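Asks: This is what each chain is made of:
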Amino acid sequence: MRNKILLVLALLVGSFGVVMAQNATVKGKVTDKKNGDGLQGARVTLTALSNPATKYGKIAGKNGEYEVKNVPAGKYSVEVSYVGYKTAAQSLTVDAGAASVDLNFQLILDVRGLDEVVVTGVASRTQKSVAEVAVSRVNASELTDKVGYTSAGQLLQGKVAGVTITPASGQVGGGLRFNVRAGAGLLGGSPTVFIDGVRVASGNVAGFGTGGQEVSALADLNPADIQDIEILKGPAATALYGPQGQNGIVLIKTKRGRGGEQDQITIGYQGIFGWNENHRNFTQNEIESWREANAIFRRGPVQQHGINLQGNSGIFNYYVGYENRAEQGFVIQNSLARQSVRLNLEAVTSKDFKISASANFVDNTIDRPQNDNNLNGWQFNTRGRSPFAPPAGAAGAMTLSTPNGFTDPVLGGRSVYGGIDSAAIAERENSFRTQRFTGSVDIRYAPSFLPGFSLSGVVGYDVRNSNNTIFAPANRIYPGVTRGLRGIFAFSAERLNFDLNAAYQYNLGESIKATTTVGGQAWNEFSRSVESQAQQFPTELIRDVGAGLATTRVVSEGLFNIRNAGWFVSQNFDINQTFFLTGAVRQDYASSYGVDAPSIFYPAASGAARLDKLGFLPEVINLAKVRVAYGENGRLPGFADGQALLWTAGTSPYGAGATRSIAGNTAIQPERTQELELGLEMEFDNAYGFEATYYISNSRQSLINLPRPPSTGLGNQPSNIASINGWGFESMFYARPIQTADYSLDLKFIFNYADNQVQSLGFEAGGPAFLSDSFNYGFLIPGQRRGQFMGLRPIQPRLQPNGYYDWLNQPRVGIEIDTTGVIRTPQGNVVGYSIGSSVPLYTGSFSLEFRFLRDFTIYALAEYAMGGYVYNGTRQFGAGVANFNDPTFNRLATQLGIFGAGVHPTNALAAQERGQGAQGLPGQAGALTVGRVPGVDVLTPGTEEYRRAAQAFLNLDPRVASLRVNNFAEPANWLRIREISLRWNATRLFNDLTGGNIKNLSFTATSNNFMLFTNYSGPEVEINAINGTTVAQQLNASQDFFTLMQARVYNFIVSVGF
Amino acid sequence: MKKFMKKYLLVLSVATAGILGVNSCAEYAQSIARPIDLITDDQLNNESQVQFLSNGVQRQFSLCYAQATSLSGALSDEFLFDTRVPNATFPTFDEVNSGIIQLDNNSVNGLWALLGNMSFTADNFAERAEKITFSSPAAKSAALYTANLYGGIVRFWYAAYFGLEPNRGGGVIAGGPFIPSADMYAQAVQRLQTALANASTDLQRRTANSIIAKVELAAGRYPQARAAAQNGLRRGDAPLTALYDLGTTISNQWFFDGGRNRAQLYPDPRFAQYIAQDSLEGRLFPARAQGAAIIYTGTESDFNTSLASRRLLLHGPITNMGLTFFIQGRFPNQDSPMPFITWQENELMLAETAVRANETASALTNINNVRTFHNLRPLTEATLDIVYVERDKQLFATGMRLIDQRRFNRWHITTPNTWRFLPIGFPERNTNKNLQ
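Keeping their order, the protein sequence lines are chains A and B.
Residue numbers for the first sequence follow the working numbering, beginning at 53 and rising by one.
Residue numbers for the second sequence follow the working numbering, beginning at -16 and rising by one.
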């Protein structure tokens, strides 16, 4: 009996235990609120309120259905997130004994990504909807499905308010110039780029010059690996990044493994097939050598194969990507061959630790053609000269060769190639190979015994070895080369950055959450280079640099090492998720050779208010946020700027000799840029919205290499005496007016206005009245914009008593210029009129994405710029120096009778001035052969028609420097259809037809730079001769001198995912 | 308690790490690899660095000389600019050639900057030589000779080639006030006299004297020029030469500005006429335009033989687009050395000053000493006109023609108000308070 009782008790206890242990199943469906479609892939997370560390998760399956089993009784917060939708949350109580609980979610589209977590500072992340600063995110992984990109930089073109990116040229792998807002500091500059926490080299690498075409370090990154790109734009947002953030921060995040079902692997393949071509041909009304200029173009094939694996092994989320890209430019000798391997891992080793690692190896070879301002270049030789050379067979005629893949123009044997055979250009080589490893380890520690506290640390490493080789065969004739040339430039660089932050989040009463963050960053850059060149080779068959004549060898070596370090403290308050306030300070130190490291404090403060949460706005406004942010940072002096005088060794036949290197400034200090930004962000009906930011900035004690009088022999002096103000407005409007299961329409419009004014170059403190570079027409002058074009204006042609236009003397002697309102320096030197800005004042873009019939998507992005000028140096050269290559110039010269037997007008002038007789003047024997345009009549001097022709001719006069800007700086407004594509998502059809279950199958036809509309007369309006921050480079921003036009690219993309 | 301790330790660790981190920021930033190509100024205050310093001054001399002679040649009637010469494209040379020169002419401003570097390097060496403790007086003298010789030469160039106004020659030293040509010549002579006082060999003394004569002649102080020339270089003496080579940054700019590589400038046709009139004056080596390229032909060894003996060498004639021209061959290569002062120039200075002193017989001897060296027919009379022409031929492309044209008042440009000196440009005017 006793045993029976025990058994019953045991059963009772057991059954009670069973009852007590019975957990519930939480299930339901996640759907789109508007169209009711199930959202497969939505992530459902249950967090136990009793212990936030206890979580249960599931990914929604087909039709958005999910089921989370074995959920113990208790109270939970359930959150559902899905890419492109706003995160939804509900409370849930699982009663003891409940077998299942139903919980459905209807998600609202997040058109603008307001719920996405974005980076807002060096150690802060928050939802975009509560960010206190302007931050932009570009979803790269979506873009790479729609458009084929070569470089990461292209991904950002036209996508971000306040940022414009100008490619160096149409050359594959070419450099880029970033203009961020109005540009901070006297010379502006490019933003600093981080990839997965690695502060990478992102500027251009010069190597051996090809005439202005540098290689972009961003061309080393496979765009298909990128998940998203975030951009912080000015000191107000980037103060805590220190001096590296003065012109913005670009944060590139690559793809991670998907934390879905364990051991579920996603395999993706993307193939791109297409070609590059010149976006337009030259016409005979444009240049006389239009046939030759067009003959160098070709269709350069593009082929890329990429495969990636993403998955979750239980411990690791992983992403593995491999890419092989082969691309040829539309000018021969230009190609890119890139192989890239990436491995990203994320490990959650315990509930307190999260470790992620990112590693990328790239092998990238870019072959560059001779281009731009280059006697050996295609552009110079095909656009710089007219075909009025001696005909074939005549004395001095030149026979053109026909290299492989290149068809020379047929002009009766005439040549435009100046001092070089086209075959010689075709055989000149410049190959730039880079092998680069970029990797980071990111550790985050949030101890459960100290809720709210977290530590994070990142170590980033970017190392590359570049090898640039050049070759000119000995059996060809090249200007500047004697019997062949070989050069080797080996460059290795490594960057190591450390980032360590500690944050503690705590409550101050019931409604205020506070976060205190302290942290520091350190950065080390080290590079070495070795260069060797030789000429005079015995044969073109050997290209070993050692085979060149020993006495022609040039060998040099370089070493460069700098470090920065800084720390910061930041305090943030979140009041009821409605008001947000942050205050911070940062101190930075920079390497300084031989003297104490300069340091500087930078403060920052920001705040935001969610007005829509205060209850007084209509419900249709789902977001209304105002924000204000103030921040400071600036450039640090160069590492040797604090030294009074440094010497180096200058090589010479006397032996290396002491040569003055840097004559610095022992009082040099870091510069300080201050920026205040005010922003308003609104969204209506979860579908329409805008964000707008107004900013003002100023740089005081701005660093400038102050020119000393050249007679001192001391070069420039680093100084803190310049100042510049910047201001602007950036805005983005977006709308999704259509959203159904089968149709959706997204529209986006970006409008930016950015301006600046140089305040001082420190003239009173010994600085210059203005700064310019002799080859450029952009100026730095107080009261004017940075890089403003300045020049003089001729009034009217001066006619001689006999009615002839006094063309021969007027431009040189006693030229009549408009003198009213001319800008003068304090010394009275005439600088000229302000002709226009070398940087467009208004920029922006329109984009449209229309999905129809559920699976088809049309996408287009048009970018525009207004209010800028481009100096057409190519036309000036063609008209003035290069022998009749401007048809308008030639027609006017003929009308004015300024032509002659083999006499260029300029030379007729020169001859007369030198007392050698006025050759080729009308009526002289032997006139009218070279230079006269057939079918154009010589006008009668003294007539109104003649006067008008003279006026027009004067306005094309290329010879007097002070007039050139007036005559050749052209307004350059433009609109370019940057990206256009048609995509068919065939996944549904394929699965329906085959019963398969592939994840993705799509086909896309796309084009980059599809069409250009501009009032600029040259072939390319987006001009970026050189990307750099020296005075000369900055002032050279919009000067077109034989710049290669950008490529129009057609691509066909196939994407498959299993 | 254990949990509390863990918290405490963690906070303490973070705080300690933070304090250490802040304090070590400056130290970290300063811990960089030493540059391999830079030295501080005080490291040069040692006798062991004197050769390095001396090389540096001579390097600056070579850099300046070819540039100065090509630009002064372009401003004079010695060289011409014409865009029908293949690859003659620089408008800056066109401006100089016409005498209508903008103040932003970067070719001119480039030379001005080079002279600034040279004067700084030479004067810095001179000052440093006074501070360095030398092991022997001779070593110090050697340093002072070099520093002052080139310090004098650069002042000569300032005085002879540059000006503040079209007809107002002179230069600037170390950002100071404008120094008119006469005063600048005087400064040059003063430096050269110091060099002379420190000369250690007879050749150095004769070289210094010839350069003093050259400066005095340019200044129009003919008796002083004559006195110095009489102690100057003699036949057989090596010239003071600017050296160039193929493998360093020091190239003879004539190769790029008016030579085989590229010809922005071509010599006036009279030089070909000199050869046509007397084949012993020089030689013409064939060349032709091929399209827009110039192809140089002829035997290199033959050319080099002529180079050693003839005073005029030209390539051509070449015809392109109706223009017939020649290319100078006097300095044909990237590494062609350029004599700055020769015994032949000293003879011609003696000849000129003799004519001006009415000692024509002596002058004729001096002229014929030079001509017979070149196997030329001796002349029978000596006049200033003859000296003028002999200097034109003998000193071809060495930068003296511009000075001679002004001295002899034979300016070739008829347009009024054109520059007879290279202008001191915007870079100096905008930064030198003494010029504002």
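Heads up, a few of these hints could be off.
Said to hold, decoys possible - To list a few chain B residues with every Cβ distance to chain A over 10 Å, as calculated: (1) N150; (2) R204; (3) T363; (4) R389; (5) F409; (6) Q419.
Said to hold, decoys possible - One-sided and incomplete, this derived list gives chain B residues near chain A with beta-carbon spacing under 10 Å: (7) A0; (8) Q13; (9) S31; (10) F35; (11) R42; (12) F108; (13) V155; (14) G230; (15) R245; (16) R412; (17) N413; (18) K416; (19) N417.
In short, the hints are calculated from the structure, not lab data.
Since the model is a prediction, treat every value here as computed from it, not as a measurement.
Ideal placement from N, C-alpha and C gives every residue a C-beta, glycine not left out.
Asks: Now look at each hint and say whether the structure bears it out.
Replies: Hints and how they fare:
{"no.": "1", "hint": "N150", "in the structure": "16 Å, holds"}
{"no.": "2", "hint": "R204", "in the structure": "25 Å, holds"}
{"no.": "3", "hint": "T363", "in the structure": "32 Å, holds"}
{"no.": "4", "hint": "R389", "in the structure": "18 Å, holds"}
{"no.": "5", "hint": "F409", "in the structure": "7 Å, violated"}
{"no.": "6", "hint": "Q419", "in the structure": "5 Å, violated"}
{"no.": "7", "hint": "A0", "in the structure": "8 Å, holds"}
{"no.": "8", "hint": "Q13", "in the structure": "5 Å, holds"}
{"no.": "9", "hint": "S31", "in the structure": "12 Å, violated"}
{"no.": "10", "hint": "F35", "in the structure": "5 Å, holds"}
{"no.": "11", "hint": "R42", "in the structure": "4 Å, holds"}
{"no.": "12", "hint": "F108", "in the structure": "8 Å, holds"}
{"no.": "13", "hint": "V155", "in the structure": "4 Å, holds"}
{"no.": "14", "hint": "G230", "in the structure": "5 Å, holds"}
{"no.": "15", "hint": "R245", "in the structure": "6 Å, holds"}
{"no.": "16", "hint": "R412", "in the structure": "7 Å, holds"}
{"no.": "17", "hint": "N413", "in the structure": "5 Å, holds"}
{"no.": "18", "hint": "K416", "in the structure": "7 Å, holds"}
{"no.": "19", "hint": "N417", "in the structure": "8 Å, holds"}
Checked against the numbered hints above, the structure breaks hints 5, 6, 9 and satisfies the rest.
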